[in-house]
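**Q** If you want the building blocks of each chain, they are given just below.
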Amino acid sequence: MKSSRPVPILEARGVIKSFGPIEVLHHVDFALRPGEVHALVGENGAGKSTLMKCLAGYQPVSGGEIVLKGEPVSFPDSEAAEKAGVVLIHQEFNLAEQLSAEENVFLGRELKRGFFLDRKAMRARAESLLRELATPVDTRLPVSRLSVSQKQMVEIAKALVREARVLIMDEPTAVLTGREAEVLFAQIERLKADGVAILYTSHKLDEIARIADEVTVLRDGALVANAPAAEMNPNRMAELMVGRELSDLFPEKLADRSREVVLSVRDFSVPGYVETASFDLHRGEILGFAGLVGAGRTELMEGIMGLRPASGTIGRNGETVRIRDPKEATRRGLAYLTEDRKGRGLLLKYGLRENLTLLGLDRFSGIFVDEKAEDKALDAAIRRFDIRAGSKTMAVGNLSGGNQQKLLLAKTMLVEPQIVILDEPTRGIDIGTKQQIYAFINELAREGRSVIVISSEMTEVIGLCDRVIVMRSGRIAGEVSGAEITEEAIVRRAMGLEARQGTEMTGEAVHVG
Amino acid sequence: MSAEAKVEPQRRRFAVDLHVIGPLLALLALVILGMSLNDQFLSAGNVTNVLARSAFIGVIAVGATFVITIGGLDLSVGSMSAFLAGVTIIVLNSLIPIAGGGWGTIILGMAACLLLGLGAGFLNGILITKGRIEAFIVTLGTLGIFRSLVVWLADGGTLSLDFNLREVYRPVYYGGLAGIAWPIIVFALVAIIGEIVMRRTAYGRHCAAIGSNEQVARYSAIHVDRVRLATYMLQGLLVGIATVMYVPRLGSASSTTGILWELEAIAAVIIGGTVLKGGFGRVWGTVVGVVILSLIDNILNLTDLVSPYLNGAIQGVIIILAVVLQRGRKGA
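In order, the protein sequence lines correspond to chains A and B. The first sequence begins at 1 in this note's numbering and counts up one residue at a time. The second sequence begins at 1 in this note's numbering and counts up one residue at a time.
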């Protein structure tokens, strides 16, 4: 390590954290230095969130110490940490949706003139902050009307008003498009120049290689590597995280495909989102749906599943069917895995068993629900999908993202669908779990089931799918298959062929994962 | 909860037990207090009295447990009961010339009451599901409507059941089987069936899922609207059952019948550990809650320690305490 590096402002020294008898962090050392980005990487459940929460005063440590500017501290709560200049920006934003951007920026730190709020001063400061952050929004708008990236910037402005010297960012780009992420990176550079210390986590390892100065890898709650970013690369990080070599992230594609059409969708429209989409799905096929965020892919699938009002015809094995609600879709052998696993997929307060069987509860109940059969199904699912849970009765909200996703997949597969629609099946989960899910999707196709994968990660679409349909502004813009599936071919169709460059498009950008 | 959930199941059970037995401990404390204050407290007469009077609110509160579990609310149950009582009395009185003054008439009147209850529940449910109006607003509206209708039917006074018919009908409240009063038997049956339905059937599971997160339920192919409609109809039916037992008690219905029953029912549900925001319901807890509320009333009446006029205040304190304790558990 070079001697010219600044002294750490915030450190974790031999930090241990236990929940009950289970130790989840084992003697972790971690240091944040002014003007540097220190990336923290690891699989879901490796202890990243716990370490961040210990640093930012959300949770007390069970052993070791937190050191601020050379002095051991113990923040009683996050407010105390904020006062000391340590701010955590949550993945799920902590903004009051109904309040305006400026009110949020100054929430709890309102500027006053006498007894009254100094609205003018707050507005001016919020506006100038957001302008500096390249987010010139109307600060009087309620936050609920801002885009995800704008909300992120409001969060950062909020942290800046609090004179944050340490900024802890929990997967800030998970919900951002490529272009929005660029704005964020530029701001991170600016914050660095101002001497702010930044802790950065992300599952996008190429991003980390780009912006980090130092990288720490956690695995199963223990520190496995700490090195200057220059000595790391995405492959090395992935291997350290998983603890094994990741030579084949994607399984081999099937050579021969059946031409038997199991689902044919014709002139399908979802008012406001999708116009006259038509496509066929074959037996044993993995069909990708690519496109910009907001191109109508999710809405098309939800329309097919009867989750949204829609018009058009659906043929199932050659027979025209009407699907009015998800129950009918299930009966027709279709199942849909939502992209929003926390909001629409799982009951976070309930245990694994209740969540697993919720979609297929018919299979477990005559007059009464057969809990023994449910337990058996859960044991089978835990084995088949490698779900790792502390206990079967724990609330699924406490599972790591990857394990939640595996449980959601198990829930979807419990109704034994012939056609499985997976919407962003690997969003926000670590690379080891991704590999497991890819292998599983491939296995489904080998069993003769047909799989539709909606994904905004280009590598995923290219690595996994036999054929890719590209959507653009609610319409199907094109289709590529076999060797034609390249990033360029997909991007050109997603952007519309007339656009010369992606960056000229307004408002949207492609996720290039 | 997050810390608790990761602990081994065996240790967890102990924590859950404490959380579950809270209402039971409160009930036990009240029984001990009652015994120490009055030696007639545990006499068969007093116990029967307490339980029989609990039965109306109890049967209604079992329904309210389901309604609250799905994330809904029914404020109209008290007025609905008054309205049902009024209509039932009118039906009974006008059936006498046609069907005579015997059990046939009474059974027809009971059937009318139950059907009307189902209908009233259907009205609430359809407005909430198809009309997409908040349950609070719908049932606040029907609370006013039902109350006003009974006043109008009684022409501002009291609707009275025919005197001879009252004598025939009387045993439904005052009679019993093997020394146990009918209302107690009915309450027990409703509670047991309710607990089983909540805990062991797909419908109960669906109720909890909808209250927990309606979107997740919808994406899990649950007919959310159908389940909600059914739940409000169940509530209506149970109000009907409560009213069938209530009519023979006084043989009349007026503008004051069933006043504030909705709040007592909701209070019992909350004391019993059902989550007000929905997603988790406990029928047996509701039963304990109902009994706790009527024991307080009973103890105040049996002793002159505190004025019975303060009954409402004590109930209020208990409701707030129950919710505070619930929150304490969540944070643990």
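Hints listed in this document are in silico derivations from the structure and should not be mistaken for laboratory results. Since we're looking at a predicted model, the values are computed, not measured. There's no promise every hint is true.
[Stated by the list, open to error] Label-pair distances were calculated between CB atoms; the ranges are:
{"id": "1", "chain 1": "A", "residue 1": "Asp375", "chain 2": "B", "residue 2": "Gly141", "range": "40 to 48 angstroms"}
{"id": "2", "chain 1": "A", "residue 1": "Gly272", "chain 2": "B", "residue 2": "Ile185", "range": "35 to 43 angstroms"}
{"id": "3", "chain 1": "A", "residue 1": "Glu328", "chain 2": "B", "residue 2": "Gly104", "range": "42 to 50 angstroms"}
{"id": "4", "chain 1": "A", "residue 1": "Glu371", "chain 2": "B", "residue 2": "Lys277", "range": "23 to 31 angstroms"}
{"id": "5", "chain 1": "B", "residue 1": "Phe136", "chain 2": "A", "residue 2": "Arg210", "range": "32 to 40 angstroms"}
{"id": "6", "chain 1": "B", "residue 1": "Leu263", "chain 2": "A", "residue 2": "Glu328", "range": "20 to 28 angstroms"}
By construction, the Cβ of each residue, glycine as well, lies at the ideal position given by its N, Cα and C atoms.
**Q** Are the hints correct? Go through all of them and say.
**A** Hint check results:
{"no.": "1", "hint": "A/Asp375 with B/Gly141: 40 to 48 angstroms", "verdict": "holds (45 angstroms)"}
{"no.": "2", "hint": "A/Gly272 with B/Ile185: 35 to 43 angstroms", "verdict": "violated (56 angstroms)"}
{"no.": "3", "hint": "A/Glu328 with B/Gly104: 42 to 50 angstroms", "verdict": "holds (46 angstroms)"}
{"no.": "4", "hint": "A/Glu371 with B/Lys277: 23 to 31 angstroms", "verdict": "holds (26 angstroms)"}
{"no.": "5", "hint": "B/Phe136 with A/Arg210: 32 to 40 angstroms", "verdict": "violated (51 angstroms)"}
{"no.": "6", "hint": "B/Leu263 with A/Glu328: 20 to 28 angstroms", "verdict": "violated (41 angstroms)"}
Consistency with the previously given hints fails for numbers 2, 5 and 6, ordered from lowest to highest.
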